[in-house]
Each structure stands twice: as C-alpha cells, then as structure tokens.
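*Asks:* Protein sequences, first through last, are from chains A and B. Just so you know, we're using the working numbering here: the first sequence kicks off at 1 and counts up by one. Just so you know, we're using the working numbering here: the second sequence kicks off at 1001 and counts up by one.
Incorrect hints may have been included.
Said to hold, decoys possible - Here are the in silico distance ranges between beta carbons for each label pair:
1) B:R1019 - A:L233: 19 to 29 angstroms
2) B:F1069 - A:L233: 51 to 61 angstroms
3) B:L1182 - A:T169: 29 to 39 angstroms
4) B:P1043 - A:L29: 54 to 64 angstroms
Stated by the list, open to error - Computed list of lysine to any residue pairs in SDA-like fashion (alpha-carbon distance at most 25 angstroms, straight line):
5) B:K1215 - B:I1059
6) B:K1060 - A:Q46
7) B:K1023 - A:N240
8) B:K1081 - A:I97
In short, the hints are calculated from the structure, not lab data. Model, not experiment: these values are computed from the prediction. Virtual Cβ for every residue (Gly too), placed ideally from N, Cα, C.
Spelled out, the chains give:
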Amino acid sequence: MAIKAISLYTFQEILRRRTFYFLIFLLFLLVILIPNLPSFNIGVKQQLFLDFSLGFTSLFLAILATALSTNQLPADIERKIIYQILSKPIKRSEVIIGKYLGVLISLFISAVIASLAIFLLNFVHFNRWQPAIFWGVTLGFLEASVLSAFVFLISTLATPTITVLLTITFYFIGHAREQLVELFAWFKFLALLFPSLESFNLSDPLAHGVSIPFSYYGLTFVYGLLFSTFYLLAAILIFNQREL
Amino acid sequence: MLALYLEELTKTYKLGFKRTPIKAVDSLYLSVPEGSTFGLLGPNGAGKTTTIKAILNLIKIDRGRIRIFGEDHYNYQVRGKIGFLPEQPYFNLSLNALQTLNFYGQLFRMNQSEIRKRSFHLLEEVGLEETSHLPLSKYSKGMLQRLGLALALLNNPSLLILDEPTSGLDPVGQVEIRNLLLKLKKEGKTILLSSHLLTEVEKLCDQIAIIHKGKLVLSGLTEELLREREKVKIHFKSPNKKLPASIKKLAAKTSQDGAVFTVETPSSKTNDLVRELIKQRCQIISIKPGGSLEEIFIETVAGYGN
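Let's have the full structure, built from the sequences with the hints guiding it.
*Replies:* This is the structure we're talking about:
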C-alpha cells in the first residue's frame, strides 16, 4: 500500500511539471514532422520515418527518464519532505521502489503515446500496418527503465548535476559497450556493470522490415529487468545507510 | 511502561574536509513514561533534534539503544505508534490539506474512509477546515504548522514527538495549540516536546530533561524541580545606602543597582527576611516569586559553560 501511495504521489507530482508536457509535445511534433522529410522514393521515406521516429522515441524516453528521476530523492531530502515520509511506518526501500514505479508509469504513458503516434502516422502516410512498432517502443521503454534505475542509484550519492553528467556518460558507454570491450581489454570487467544499451535499439532492423524472434524480446526484457533490479538494490543499500 | 527509553545514546557527526568528529549526543539516557508529557530542553545545538532524528531512525547512531513501547527503534512498524511534527513541517505545496493527509494516511496503512474521517476532524481541531481545499502554496507559515500538527495526529498516535510545535504561530495560535496539547495530555497521550518556549513547557510538561552539548545535565519532575528551586526576589532601599549584614546573612544571593538592593532567598526564609528588612528600616519596593523553569534552564546551562 505504501509503495502504491508513493508511486501514485510521484506520478501526480510529475503530471504537475511543465517539463513533462513540453517533452511529450516535442516528441509528438518530431514524429509528425518526420514524414515530411525530403526523400528519394516512397520506400526509403517509410524506412527513414520508422528509423527516425523509433530512434527519437528511444532518445526521448532516455532524456525523460533522466529528467524525471534525477531530482526525485534529492528534492525530497533538500525540502525535508523525506522527514515527514520516513517518520511513518515505511521502509526506505519502499520509498525508492515507489518513486521508481511512479517514474515508470510516466515513462510508460509517454511510450504508449509515442508508439500510437508512430503506428497511426505509419498507417496514414504509408498505408503500412506494423505492430512491430510497439515492440520497438517497448524496448525503448525498457532502456529508459534501466537508465532511470541507474539515475536513482547515483542520486542517492551525488548532487543532481553530477547525476546528470554520470548518466550521460553511462548512456554513451552503454551504447558503445561492445566497441569499448573490443578496444580496451581492461574494460571487459568493468563492462559487467554496464548493460549493452544497443540491445534495446531495434529501430534499424524494424525500419528495414527484419523480423525479430519473440525470444529476443523476452531475453532483452529479462536483461533489462536484471540490470534495473541490480541498480535499484544498490540504491536501496546506499539509501538505507544514508544520514538524513 | 516506558513509552520511550534511550540508553547510552551517542551520535557523532564528522564535519569538514578533515572529517573532524563532533559529538552531537553523548551517552544520553532518557526514560519517558507512558502518558507523561516530557519536555526536552536545551540551547541551540544541544542535540535535541539529533536525538529526535535518532528516535525516528533518520540517522544512524554510533552507540546505544532506543526502545519505543519496548520495541527496538529499528523496527519500522513501531513508527505507526508515533506522530511527529518537525520544527518546520515541509510539504508538497501543490497539494491541498486533504490530499496531503490522504497521502500520509496511506503511508500509515489507513483505509480511505478512516483517512477522510480523521482528516476532517483534525482539520477542524487545528482550525483549517475552511481552507482544506486550498493549495498549500497559499498557506501561511502558521497554517502549515497547524497542518503539521494535524498530520502528527492523523494516526491517533500513542507517542507524539513535537519539535517546536508553536513555531511560526501568532500568540492566539500558540494558545490554541497549547490547549489542544493539554487536551491530548488529558486523553493520556505521551508527548515528547522539544521547545524553546520555556513558559509553554512549564505549563505543559510534567517531566523535563535539559541537555547541553549532547549530555544530559538535568532531569526530573517539573513540579519537584521548581519546588526545589522555589525562591523569592526582594527589591529594597536601605536607609544608610549599605546592605545590612543581617540581611546579607539571610540572603542566598545579593546584588545592587544604584540605591536599589536585590536579595534572593529560598521561599522558606521569606518571612524572616521581610521581618529583618522592616527591623532595619529598609524600604521594600517589590517582592517577586522566582525559580521559574527559565531560571532553572539558564542556571543549569550556564553552570556547564557555553
């Protein structure tokens, strides 16, 4: 019950933020504008549309995850609202999980809006019925969930500015993980702490109509879930020891 | 049964780049009996807020034990029996009072009808029933303080921990809150009150503890402490402008301000002193009772150095 109350409270808090609507509006605008990009022929145009819109959605969800998660704990600590919350019969872990779920609800709603917009525009402009778009956006949502868990972990230790900087670094390392492993032998062990964020990126194969086996989605889901759980557990461990 | 028991509570903060250890609370022992109103006093930085934070498990203690109604304070469920009002209650200002109480009620695992019933009753008690739908951003500091008190009472707690409950309130508001606390005291609630307003503590608390530099320097029943230190201050003028030796002998403390002398004596010796003053043809200007909690506090703290 406490987790549910905190997640709904967090979600309602997010709904009051103008940034949330601005980012959704921006994504919506971009997705609508993409079909009007100059192109050589209709096939390329449709591929470009899917590639760009899925790529933008994924990036947008990552930005949104960072923006919404960064200040969740620090703001409550700074405004001392955390005293009111933690003086109630709840565990610190419930605060982290509740807040994380509140962010996930917001990300999920954004992902649903984005996938519906892409799906409908794809149908209206190119007369193509591609339910795989939903899978593409779902993986983007999973990537954002992992990123959000990482942000929660860092925000238990660092200031919001450092959290954002480290998250950007994490995002780039996550996307270049395979290349970094190949380039630097020492990175092999460190890489265990970073998920391969490229695994969540299916915009290119989906745009080119490559069929993706269901097992891939299942495995990627488990992969994302494991990393999110790992980061959240570490965040809980640190937050449990933190002086307020 | 003890509502609260602190045994050898010690908390050190490490400050600055060199991580210099500063003892905020040093081997503190406190026993708060169930049903009592207990005043926790001390100058700024004495360790009152650190003690409260330790009770609520907001900070990790170095050493010692805290028992709340016999249960270890690490058990999060024991906080269901506590109502807490921080020095300055902070809220999400975009919510209104009812939404705020609803959220915190859920954290207490209360059901919706129970939350609504309690919320309306408490908002009426603290005088916020007419503004319950206004966003808290429109509230004054005093109104937020009242809401903080309503929140502290939401779960009908057995132990109330109040850190400066009348802070930010106007005199009328202070009296209203004091009356509410007296009512709660009559209901048998255990109240741990940390306050700088010593007259308020004197009126409300049946036990007090003074802490200074993290250490317990005085504790006991308020009535007994006041009785032990009961004294009288007499201001008078001497005919020869000198303090008669017989008066000096009877007085516990003497001072002079121009032609006016002041003597302090335990109240048991008041009659003897007055008789002697008359005998010595002194002109008595005033006789004032002393030994207030404020004096006890100042004397105790001064005695341990600042």
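*Asks:* Give a verdict on every hint.
*Replies:* Tested hints:
At about 28 angstroms, the beta-carbon gap between R1019 of chain B and L233 of chain A stays in the expected band of 19 to 29 angstroms. At about 32 angstroms, the CB distance of F1069 of chain B to L233 of chain A disagrees with the hint of 51 to 61 angstroms. With their beta carbons about 58 angstroms apart, L1182 of chain B and T169 of chain A fall outside the hinted range of 29 to 39 angstroms. The supplied range of 54 to 64 angstroms is met by P1043 of chain B and L29 of chain A, whose beta-carbon atoms lie about 59 angstroms from each other.
For the hint pairing K1215 of chain B with I1059 of chain B, the CA-to-CA distance comes to about 18 angstroms; that is within 25 angstroms, so the pair holds. Of the supplied pair hints, the one linking K1060 of chain B and Q46 of chain A is violated, its CA atoms being roughly 59 angstroms apart against a limit of 25 angstroms. Taking the CA atoms of K1023 of chain B and N240 of chain A, the gap is near 22 angstroms; set against the 25 angstroms cutoff, the hint holds. About 24 angstroms separates the Cα atoms of K1081 of chain B and I97 of chain A, which keeps this hinted pair within 25 angstroms; it holds.
Checked against the numbered hints listed earlier, the structure breaks hints 2, 3 and 6; every other hint is satisfied.
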